[in-house]
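Novice: Since the structure of chain R is provided, determine the placement of chain Y on it from the hints.
Chains as they are written, first to last, in the numbering used here: chain R, 3 to 479; chain Y, 3 to 479.
Some hints here could point you the wrong way.
Pairs of lysine-lysine, DSS-like flavour, derived with a Cα cap of 27 Å [stated by the list, open to error]:
no., chain 1, residue 1, chain 2, residue 2
1, Y, K61, R, K323
2, R, K397, Y, K26
3, Y, K396, R, K26
4, Y, K61, R, K397
5, R, K61, Y, K61
Read the hints as simulated data drawn from the structure, not as lab findings.
Number of protein chains: 2
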Amino acid sequence: MHPLQQIMYPSSIAVFGASNNPMKMGSIQLANILETGYEGEVYPIHRSEETVMGVPAYKSIAEVDKPVDLAQLVLPTEVVPQILEECGKAGVRRAIIISGGFKEVPGEVGRERERQLLEVAAKYGIRFLGPNCVGIMNGRISLNTTTIVDPPMGGGIAFASQSGAYTAMINPYLRAQGIRMCQTLSVGNEADMDLVDCLDYLREEDYIKAVGLYVEAIRRPREFIAAARETVKRKPVVAIYVGGTAAGSRSSLSHTGAISGPDELYDGLFRQAGILRADDLDQMLDMLWILSMQPLPAGRRMAVITNSGGPGSSLAYHLEKAGLEAPPFSAGLRERLDAVTGPLTFTGNPIDLTFETNVFIFKQLLELVYESGEVDGAFIYGIFGASDFMVNLKKRFPAMQAMEEEWGKGYQEFLAGLAEVPRQHARPLAVMSLAGARSRSIQSLIDFGVPSYPSASRSARAMRALLDYRLTREALT
Amino acid sequence: MHPLQQIMYPSSIAVFGASNNPMKMGSIQLANILETGYEGEVYPIHRSEETVMGVPAYKSIAEVDKPVDLAQLVLPTEVVPQILEECGKAGVRRAIIISGGFKEVPGEVGRERERQLLEVAAKYGIRFLGPNCVGIMNGRISLNTTTIVDPPMGGGIAFASQSGAYTAMINPYLRAQGIRMCQTLSVGNEADMDLVDCLDYLREEDYIKAVGLYVEAIRRPREFIAAARETVKRKPVVAIYVGGTAAGSRSSLSHTGAISGPDELYDGLFRQAGILRADDLDQMLDMLWILSMQPLPAGRRMAVITNSGGPGSSLAYHLEKAGLEAPPFSAGLRERLDAVTGPLTFTGNPIDLTFETNVFIFKQLLELVYESGEVDGAFIYGIFGASDFMVNLKKRFPAMQAMEEEWGKGYQEFLAGLAEVPRQHARPLAVMSLAGARSRSIQSLIDFGVPSYPSASRSARAMRALLDYRLTREALT
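One chain only, chain R, in its complex shape (with noise of 0.2 Å):
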């Protein structure tokens, strides 16, 4: 068993630093772990409590009489080593360390801490992650040990980071989005396991559909390529870089100690890897997100149906951009189209239904195309409730309360039948929406599998990464 299985599944967990002042990282993080759900058992380590937080206390790891299966530390620098030599002797194997003050510190005291962590690591067995880090979540056991609340757990996305902040505080960003994420691994500095092993790890979870990575640095370079080409194998790989600039340089070096280089070499190393390059974060979660859930696309021709022209010729344009093509359907798929939508709609491709208000009619034609074989995928743009139109409508009319609900009804359960065409025809789907993941209908249409993108740039660009990872995996394999 990889040893981040046992930190990501522990049965218990012992959590130093927290206390019941408030005020405390550690308070906060014993607090996220007692009420995100977590069913293991919590022993909060303080010197002098009974209780914290109305959770019995022991006065040391030694006390805890049970077996512990990880160990969270946040406690002054100073002590760290000495509480895990403490740990270690109680027969703790897993840790978490949040502290900071270790290599990425100016100067030789932090170095030397980092070297007395890693030293008792080895006396004892333990392995760890961090030090400089923030935690770990795991929706699949409701397990959160960050500072921070609500992750919207779900889905199979794995996100790994050299920064802490990104795996924590990204949770109300996921949540305006409507994306779930399964695990997240903040992995500090990494004295002890890197990237490579949340790789490894991350391989061998197969509910786990794409890996997210965000990197300063590369430590053992060799070793990444050939975990992550094996990883590539079975679900991608996604990371961003952003140490190949002067200043993006000098920060990483201040943040985690390592030492990064030009744009050119981790392009390189990526490419060499099998991993997908992404821009930022933001575009990094759109690529993760169809990945995670969308079948990949054997070829480049995309069908594009809206019932707006903006966003239709948007997408046409995106799509284009992104190096995939929109061509122009046969006659004889055009007439069969047309024989859904009536004569007046063009459905040259895009599909342009303009004023036709039955949105029911998006399933037909996305499974005429489909059945057509000249495409590989498609993007819809139009799906949305009528919330953005009743509102107002129901203060002058009551009566269409009722009538929305009944609408609803039938709309979920056309938004549940559209969300399978796209797996009962191997051809991924991609759904553009200005109204977002507050909509009911897109925040349904999301649970049912279809990611949904509020600009055509980013759809058109989501999609692209499902080519890529299909030719990226067929290279390696």
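Specialist: Using the frame of chain R, we list chain Y on its own:
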């Protein structure tokens, strides 16, 4: 007075096509006019109903025995010219024609109908928007004639668009970002008034600080360039163009009946016009947002102030990628910064506060870097409220509720003060935050005039737009 001034500020509106059947587009638009807070007179015109949605209705425009500043028509195509004629006879001189079925549909019939509209308009001196548009929104008088509810009104952004969907469906996207919109104009087929008119009108409205355009085709390039250049001398103009690929062009043709040109042609046209080009709607809004609120930078030198390494490195990287610079600070400035942060913080630019929990020092640091004269603008990451830390803590420490409220007041003052610093020093500030507009802190900061972007790349490209506008304007004047 520009005819668009009269269309945007009517004291009275006649609405054709609304009825007591809520499932009509005209009914949705009337409900929005009635429920958004518009204080002018509204006259539904309906052949048979005594009242429409409780408002007294008139059998024809001739029966409205009061001045009508504006008529909005959502009627079957074939009756539109005749109704417009009736409006002309009744003295109405401004109109918005929502109905489609004109030049944008294939064949001679549509073109002929559009010619009829122009004949009628010429005969009576009617100036109109459309046909084939969705209406207008003017936050200054709480007027929303579109089908979509709840535009987040305010601020200084105006948007004129050849896509109706983009002007109306944009509302939920704006709300999610925290962006307010002052005015939108959907120009449709531009049979009478076009984007040139919009530029002429918006140039003179001093409260409009930045103008966005969605372009599928420019029908009067010479006039467009002249109007834009005059506008750009007074306020920035940002355009999206999506006609420049094969499928994009095919889609535009079917949508507005306009013939588009290659990307490079439009690139050149926008450059001549002094217009900044955005890649897509989301990027256009990112640019307009900061352009409408922040001072212009004198040069490329940027400070980054962060409390997290990853976002700090990302900002440093992306601002350099965007053609800006993050110069290392002088020894003197670092000394002054160190006096605020303490010796353990890296203050070399980025300033990385890491574990500093006192966010209030952000303001002092910003003042110090601006006062130094060593930078022309700044980015901040790390402005967020307590909510993401406190939600679970409060379940364990109920007393924290009062504490949070107390702290929240001080925080509001801090945010108001912080937002003043860019104005006082005539240097722009952009905030990066993953918390988004759902966070009370971020929403406050936005309300105080500082835009907040969810990623480093988006922040950096927005800041770059400020510099580009300054350079463009200098070249024009």
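Novice: So if I understand the rule, the pair passes when the alpha-carbon distance is 27 Å or less; does K61(R) with K61(Y) pass?
Specialist: violated, 85 Å
Novice: Going straight from one Cα to the other, do K61(Y) and K397(R) come out at no more than 27 Å?
Specialist: holds, 24 Å
Novice: Run the distance test for K397(R) versus K26(Y): straight-line Cα separation, threshold 27 Å.
Specialist: holds, 16 Å
Novice: Compare the distance between the alpha carbons of K396(Y) and K26(R) with 27 Å, and conclude whether the hinted pair is satisfied.
Specialist: holds, 13 Å
Novice: Sort out whether K323(R) lies within 27 Å of K61(Y), counting only the CA atoms.
Specialist: Roughly 52 Å between the alpha carbons, so the hint for K61(Y) and K323(R) is violated.
Consistency note: the structure conflicts with the earlier hints numbered 1 and 5.
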